[in-house]
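**Q** Now for the letters of each chain:
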Amino acid sequence: MSESAIVLDKVHKRFGNVQALRGADLKVSRGSIFALIGPNGAGKTTLFGLCCGFLRPDGGRVEILGGPADVTRFKGRLGALPQDAVLGRDISVREHLVFLGRLQGMDLALAQQEAARVLALVDLGELAERRAGALSHGQVKRVGVAQAFLGEPELILLDEPTAGLDPRHAHDLRELIRSQRGARTIVVSSHNLQELEAICDEAAFMEKGLTIESGAVAELTAKDAEIHVLLAPGPEPIDQLRARVTALSVTWDPAKRTLRVRFQPTPDRVAEDVIAEVLRELLAGGARISALGKGRSLEQRYLEQSPPAGA
Amino acid sequence: MLQSRPVTGSPPSFVRDAALVAGFDLRESLRTRRALVLVLLYLLIACAASGIYVQVVRELGTRIDSMAGSDGAAAASVMQNEGYHAMLLFFSGGDAVLADHLASYPAMVLIFAWTSLAFLPWFIALTSYDQVAGDLHQRTIRYAALRTTRGAYVTGKLLGQAALVAGVAGLGMVPVVIIGAIYLPNFALVATVTALLSTWPITVVCALGFLGVVSLASQLCRGPGAARAVSVGLLFAVWLLSLQSGVWAWLAVLSPWYWKPGLFQPGILDQTIAVAGCLGLCVAYTALGFLRFRHRDL
Chain Y
1 MSESAIVLDK VHKRFGNVQA LRGADLKVSR GSIFALIGPN GAGKTTLFGL
51 CCGFLRPDGG RVEILGGPAD VTRFKGRLGA LPQDAVLGRD ISVREHLVFL
101 GRLQGMDLAL AQQEAARVLA LVDLGELAER RAGALSHGQV KRVGVAQAFL
151 GEPELILLDE PTAGLDPRHA HDLRELIRSQ RGARTIVVSS HNLQELEAIC
201 DEAAFMEKGL TIESGAVAEL TAKDAEIHVL LAPGPEPIDQ LRARVTALSV
251 TWDPAKRTLR VRFQPTPDRV AEDVIAEVLR ELLAGGARIS ALGKGRSLEQ
301 RYLEQSPPAG A
Chain S
1001 MLQSRPVTGS PPSFVRDAAL VAGFDLRESL RTRRALVLVL LYLLIACAAS
1051 GIYVQVVREL GTRIDSMAGS DGAAAASVMQ NEGYHAMLLF FSGGDAVLAD
1101 HLASYPAMVL IFAWTSLAFL PWFIALTSYD QVAGDLHQRT IRYAALRTTR
1151 GAYVTGKLLG QAALVAGVAG LGMVPVVIIG AIYLPNFALV ATVTALLSTW
1201 PITVVCALGF LGVVSLASQL CRGPGAARAV SVGLLFAVWL LSLQSGVWAW
1251 LAVLSPWYWK PGLFQPGILD QTIAVAGCLG LCVAYTALGF LRFRHRDL
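Residue numbers (the numbering used here), protein chains in the order written: chain Y, 1 to 311; chain S, 1001 to 1298.
Which residues of chain Y face chain S? A partial, calculated answer using Cβ under 8 Å:
1) Cys-52
2) Gly-53
3) Leu-55
4) Arg-56
5) Thr-72
6) Pro-82
7) Asp-84
8) Ala-85
9) Leu-87
10) Gly-88
11) Asp-90
12) Arg-102
13) Leu-103
14) Gln-104
Some chain Y residues near chain S, calculated using beta-carbon distances under 10 Å:
15) Phe-15
16) Gly-49
17) Phe-54
18) Asp-70
19) Leu-100
20) Arg-131
21) Gly-144
22) Gln-147
Over 12 Å on every C-beta distance to chain S, these chain Y residues come out as not near it, computed from the model:
23) Asn-40
24) Gly-125
25) Ala-170
26) Glu-202
27) Ala-222
28) Lys-223
29) Glu-226
30) His-228
31) Leu-230
32) Arg-242
33) Arg-244
34) Thr-266
35) Glu-272
36) Leu-283
37) Ala-284
Read the hints as simulated data drawn from the structure, not as lab findings.
Predicted model, so just to flag it, every value in this text is computed and none were measured.
All C-beta atoms, glycine included, are put in the ideal place defined by N, C-alpha and C.
Next up, chain S with everything else stripped away, as it sits in the complex:
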């Protein structure tokens, strides 16, 4: 009498609960328009970046063909390489070592990766803002709060959104390969796919930094509308931090944008530091939100 039914299976734990919440959140996201919107936006960016690259290559090819004589073609090729290198320097923020390393990526992959990373934070703000605030608003969280800790819940929600972003980022690579294979002469399929797969973890790690910022906003707000506005506002604020210089330059480390170039660095140490920076910011911003969330009324 007065005993609850004993439970079987693995012992309840933070990790198990967080994984269960993440799995449920991911399943729910996949069945709502949220996942569809993110996929469509990401595919749009992938198609646009690939399409623009194909157009540029065709245009350059046409110009080189139109230049009479081998000297003219050679000069055009030199100009093309110089232009590309200038673009790499722009991507790398003037870091010549990084620019040289980026030159080893197929150009199409690089443009796709850089473009998608430029838009990713704003996509995340638009699709993950209600990860906690939405459940608070609808009070759906109460069903889970009877059964797991708030920490496991927030962690699970974050991981669910991270899994969603990882999946969508992987899906976004498909049009790059398809468009390149159809429209580019001498398309290096294996090299492109390999390079795309090498940028995928970079995208995911970078996304985690931004997801931390959005998680903070989502934990601070009760309504989805406010959470969306605060997410965009906070992302804008951390973007501004990445631009700091002089006395305030140290503030840039609080921005995922600051660590993004490091993820592409050739050296393992530089990469590790950048990964640690992004993951650290993810944990720090999420924990900052949790300071409020753990004491709030659900």
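Chain Y extracted, bound-state conformation:
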């Protein structure tokens, strides 16, 4: 069995004059929670569509769960929240879910049981009999998420799942996704990078139809290889620190009063050891510490990668 749930190799996709993907590569490990990050128009939704078999690639290779993106192969094994897909207005939420469950191969009793289970996951049990056309935008989004979890598929693709949700339900959905770690592979796209950083193990940055970087979130944010210290106004013993810790790369931004220390982690010297070393020298030099953190946020990392708008 392939170790990767998704493999994209130099995938191209064009819509008329618009080149949506220009040779995108992607590898998503089985069991991971994977973030797909990029600005509007980067190709995230196109990539989801190709993985689900909604779209046909113009070139390159798309491999899903060890084979081509063909519904006869992944029926019941792949769930997805497609962006902007509309449910039939005059059919109840429960009927929709039972129908989709049965189409997935379940018998009626199991489909009804599954419909109730997934509605409970998104806190919509009370609205099961309501017509889809009478739901609010956020409720429709939650039904979309619920159908993606029908039958507990191995791989779930969620295209902007928290967009339009109130803070409480967005939080609950994040917790739901987090709880699936190791049990199934989930790929999430979102513009909320704090949210992605909190729930994802791996991430890929997309820009203009290309995957520009991907890897473990901890690596991308250098959580284990960088610390930053915010100093309050007062002494700035930066030179003293540089002289004492020559093995570390120290950068000082006087405007933001931020000290950034990069290092190569080893079994004998992990981030916590470096923090202790740096703090000891700073405090000895009379510095006043306002804040301390490991690595950079995913947002900072993304902004470093991504050219400014209009560039």
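Position chain S relative to chain Y; hints supplied.
**A** The following block gives chain S in isolation, referenced to the frame of chain Y:
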């Protein structure tokens, strides 16, 4: 770990999926204005055809009564029969054998069946055009496309619409019976109901041929507006095909209108050929649309 929940029940299959899609589509149609519009249009035609027939019978009766003497009444009756036979010849396209066979149907049933079949293609174009295009436009199809093949989906949609048309065609018979029973003296209830039931499968088979054309249009278009226009346009084109003669006469077999009279033929062989023609066109036009649909982006 990393295993989807095993499914139970019957094994997934094309037929099962198509039946599920058909059932869901039918249920959805019944809850929307689509079914209501089709029912109202069909009932309107049934009432109009029955009403006109009742008026004609009353008028003829009045004229016969007004003619003095048994010779006059007999002459009027002969004229009435000749007029009816001319009408049957018109219905049958000049086929005398078919016209004689049609004479065995109660006249009211025949007029209803012929009128409803004349309007049916256009009703279908107006109510089934978005069977696939509507779901493409709203992207509703994506929920199903994750779980079943495009072939099963299109087949299910077609069968759902066929079931809807079959139901509405059956419902349209009710006003014929009611109007006949109320307004016609000597109304033959059993004969009329039996004849109506015998025309019902003819209507459904004929509808399948037209549904195939509309399915083709619906698979070619992404927007419902375009699908409606293309449906009507394609139906008009296949109607023109049915009128071909001379060198191009063979093109008529591509039109459901060409096979329609054969469905009323007395001989089993003729009926079977006509049924095969309508079903073949349904499959062929749907498959033609599928050649495009199977490769298109959803």
